[in-house]
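Here is what each chain is made of, one letter per residue.
Protein chains: 2
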Amino acid sequence: MAEYKAPLTDMNFLLYQVFNADKMWQQLPQLNEQVDQETAIAILQECAKIAEQKIDPIARQGDEIGVSFSLDSDGRGKVKTAPGYKEAFDTFVEGGWPALGGDVNYGGMGMPKVVSAFMEEMLCSTDISFALYPILTAGAALSLAKHGSEELKQRYLTKLYSGEWSASMCLTEAHAGSDLGIIQTKAVPQADGSYAITGSKIFITGGEHDLTDNIVHLVLAKLPDAPAGPRGISLFLVPKFNVDENENLAERNNVSCGSIEHKMGIHASATCVMNFDGAQGFLIGELNKGLACMFTMMNFERIGVGIQGMSAGERSYQNALEYAKDRRQGKALDASTKAIKQPDSIMVHGDVRRMLLNMKAFNEGSRALSCYIAKQLDYATFGSGELQQKGDQLSALMTPLAKAFFTDLGFESTVAGQQILGGHGYIREWGQEQLVRDARIAQIYEGTNGIQAMDLLMRKVVASKGALMNVFIEEVTDYIESQQENPAMSEFTAPLSAALADLDDISKLLLTKSVEDINEIGAAANDYLHVFGYTAMAFVWAKMAQVSLSQQDSDAKSSQTEYGAEFYQSKLHTARYYFNRLLPRRLSLLATIKSGSESLFAIEDELF
Amino acid sequence: MAEYKAPLTDMNFLLYQVFNADKMWQQLPQLNEQVDQETAIAILQECAKIAEQKIDPIARQGDEIGVSFSLDSDGRGKVKTAPGYKEAFDTFVEGGWPALGGDVNYGGMGMPKVVSAFMEEMLCSTDISFALYPILTAGAALSLAKHGSEELKQRYLTKLYSGEWSASMCLTEAHAGSDLGIIQTKAVPQADGSYAITGSKIFITGGEHDLTDNIVHLVLAKLPDAPAGPRGISLFLVPKFNVDENENLAERNNVSCGSIEHKMGIHASATCVMNFDGAQGFLIGELNKGLACMFTMMNFERIGVGIQGMSAGERSYQNALEYAKDRRQGKALDASTKAIKQPDSIMVHGDVRRMLLNMKAFNEGSRALSCYIAKQLDYATFGSGELQQKGDQLSALMTPLAKAFFTDLGFESTVAGQQILGGHGYIREWGQEQLVRDARIAQIYEGTNGIQAMDLLMRKVVASKGALMNVFIEEVTDYIESQQENPAMSEFTAPLSAALADLDDISKLLLTKSVEDINEIGAAANDYLHVFGYTAMAFVWAKMAQVSLSQQDSDAKSSQTEYGAEFYQSKLHTARYYFNRLLPRRLSLLATIKSGSESLFAIEDELF
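As given, the protein sequences belong to chains A and B, one line each in that order. For the first sequence, this note's numbering begins at 1 and goes up steadily by one. For the second sequence, this note's numbering begins at 1001 and goes up steadily by one.
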């Protein structure tokens, strides 16, 4: 397998040439204090080193050996991580990385999402299993920072940022996967103001492991007298070890790992059954407002899961490209047939190029779109007034898109990379098939991609009567208009404009249809999400093409930029490839949506 | 995981109502002696029992334990199959199944491909790993039956049909995957008329195992003075144990297994490195005509690999359907919100129905199309005159389609089934993720799907100047015309007609373009194969809909058929679903093909 090479050039191109993150930072007082271009470049460079040198080498072994489960002397489950994970985690902690996106008042570094998102990408490209430990912790910390009491934050948040402790999110129960309204875990109020938590949670990533001294579980549970359904859910902090007044670890709390799952992939990530047996818990936020506290985190998590998909796609591309350049098999179609003894590299084959360019266009497009969405999250978090409102709207709209679209494309890219390696792609030692197995989970967890599609179409588009989608459509329309005097851009803006008009039309059609038959929404959701995705990706590809055109034309290009003409040529070629050969995917999806819901719902369940 | 239930009703529907296999058998003298409807129904029923009762139970354990490799006392590699495989294989042999499609002159049962293809489906739906042992043997037997000398056939073919021995196909070498012209294995003529075979082969399915007393390897090798490239390849039979004049096993031949691969899936199938060290081999067919001997087998094998993909899709559908009906999560969009404590089954969700119906339409469509292609193979094998010629042409055209299209759709179906199970689909114990891992190989081996696409477009369509594709187009055109007086069929024949016209147009466009720029073919091949696939599948769905319409309208339906009205209603719904929501996929593919090859080939290799 190729050694991972972090795509720092592309990241900096996006931050400073395409999305002008530096200008945003100057604009927003809170960020202006924490970050500038120089700092961010240095941060990403350091992160690249850790990913390339410390995490990349442990990933294959982590897959083969995985985590192991045993019982301690008290009969409680314990989990041993794979060789090298503890050392890599310690290095990660020593570098201060768990604090990267954290609240500065509790020891965090206060970096914007546009920076931390790229950290997540690099971690996930090298090893999703490893990355999940800090990423889940960061997500939990976010909820705690926003909704926790001052006391909880002083006691726990600081330790999560320091990396001494980690965290887990305990939502799912065996009978209640995506339907959190029916969870059964109980929280009984105690005299001291804490709660006794009892119940069993499944699929808990990092619920137990040997990387940190303590694990802080954020747990959804219901009070005995809570309202039925989602409005009766509260969020609790349940530490593995209690903490005394001096902030030292005290007795073990009544929470333990019952078993771990054996999974298709992410073998080195501990997926735990967690049993709470009257464990002491502390309320986070208000009673019965637990779901709202979780959703604070979810927008950040879900774009993170989207990035996981893209990360695996990036790794797949790097490996497959190296293989394709090396592997000599057959001859080019247009080659002379004489030199039969010297086969060409498989780069000559149209279908190999197709798969490589699909990956390249999807990875770079997803990275650009994730940067755009992260920027909206930063406006929503650190901005004010109109900027904040628009950031809020666009990130709400595009979060389910990022999660589902990037993971679908990422999975496709891992499969494409595997295909390029042929039989070697199917053999474990080459590492390529691991990417397929690891990336697959990202389409499932944090809300399946089907649920994301419903979140987008039902909760965002239909619920806002189209208003949220109109924010996006106006943004892109403005952009297209801004390029009207730029004839070189018309090859991109013309198809973008057509795609945008179709997106607008289909959104309106579905709004109308939803009034008559709400099942039209369920029938259309997945295809609609992808129509939106291909269009949004065309938007960021147009922006990248625009910068590349202008930089390529600049006389002073070599002095202005570190990238060089080849970087921009490659971008332009890939942009053209995207518009010619990937954006047309929306056409079939539009036709399918327009066929309506009848063929899905007319057939009775017994006839399946 | 749901217990496998063989789709016998669908198989009989295809054989006797849609494709009139019984009439074909009566028409062809050689088949008329061997098979009639009653016999074939009994054969498939018996096969279903073995698959459901003997093979299904060993598959999960086979995945977890897999095959294991060790050295025998002489230092030669040996392979132990997983628990239960030997017993299941013995049961399979006792039932006489290895002889099913075999030459009657050597102990075969002489059954047509339309029957043996369904046997393959049932074996593969329960366990692809298990199925590969007999399927590879049957493929090798086919080459031997067609090209082997009388002596070789008497000595070896009879034992392959009896199931006492098995066979392997030794093609691939480490540096020569799809490019067989550059193999290096040598065959040196010996004084006794045999050849000394020396070289190393990789990815040899069933190259070594403990299921049979002897293994017959068919090996591609080159004589020292052979012409360079594919025209210098010969085919040899190399037994693991030599056979004496009394047909008893004699001394061990100089061939042994060096190691086995650790793979993403099909863990219970032994994928071997086979080392030949002056092993005694016997020429099959003529010197330097080895590839032609292999291709005899390949048409049969490749449709078989296509069927593997569909088989996994069928199993995925059965599992996911059972899960979806049982699993209660959330409420239907159109449900009253009052009964909040009783969630609905996830069958109410449009996206779950979409995934189920995708699978159903693909499985039944692939089964129908495989039956149609198998019928063409039977005409090619057992027919004469025009019937044989047309069978030859259509099977040549559609074999790469079957291999690539069915495995692409099959893989999509395994992924969809996994998605329906959510987190449980990612956990090993549920068995669903095994289907994804097992099915994935079918897109890669026996010629990657990219190679199949080139075989279709370059070797079949372009090389025949469109003549082969015209045979198909005429066949479908005639069919559409035959339905002109049938108004109920217009909802199917109208879109079929449009799809066929587009297929015709794009074929002609590519024939024209190929003259100017042969890279247009490489750029279009994959998309073209899928355009053809969706159109061909529409053709068989139209035929299924036609039968279902006529049976449904029949007054005497309950006495005429065992299926019942529900069977036909389900078919009609699924046909409508296919035309509404799956056939439109061709639109994007057509647009992509039309965009041309430039965006694939203009970018230089260094800019990837």
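Note that these hints are calculated values from the structure, not bench results. Errors might be hidden in some of the hints.
Covered by chain A, per the in silico footprint, the following chain B stretches (three or more residues, Cβ under 8 angstroms) [said to hold, decoys possible]:
1. 1251-1265
2. 1429-1443
3. 1470-1481
4. 1499-1508
5. 1520-1531
Selected chain B positions facing chain A (in silico; Cβ < 8 angstroms) [to be verified]:
6. Lys1005
7. Leu1008
8. Thr1009
9. Met1347
10. Gln1419
11. Tyr1563
Each residue gets a CB set at the ideal place from its N, CA and C atoms; glycine is no exception.
(request) Could you check the structure against the hints above and give me the numbers of any it violates, in ascending order? (result) Structure breaks hints 3, 4, 6, 7, 8, 11.
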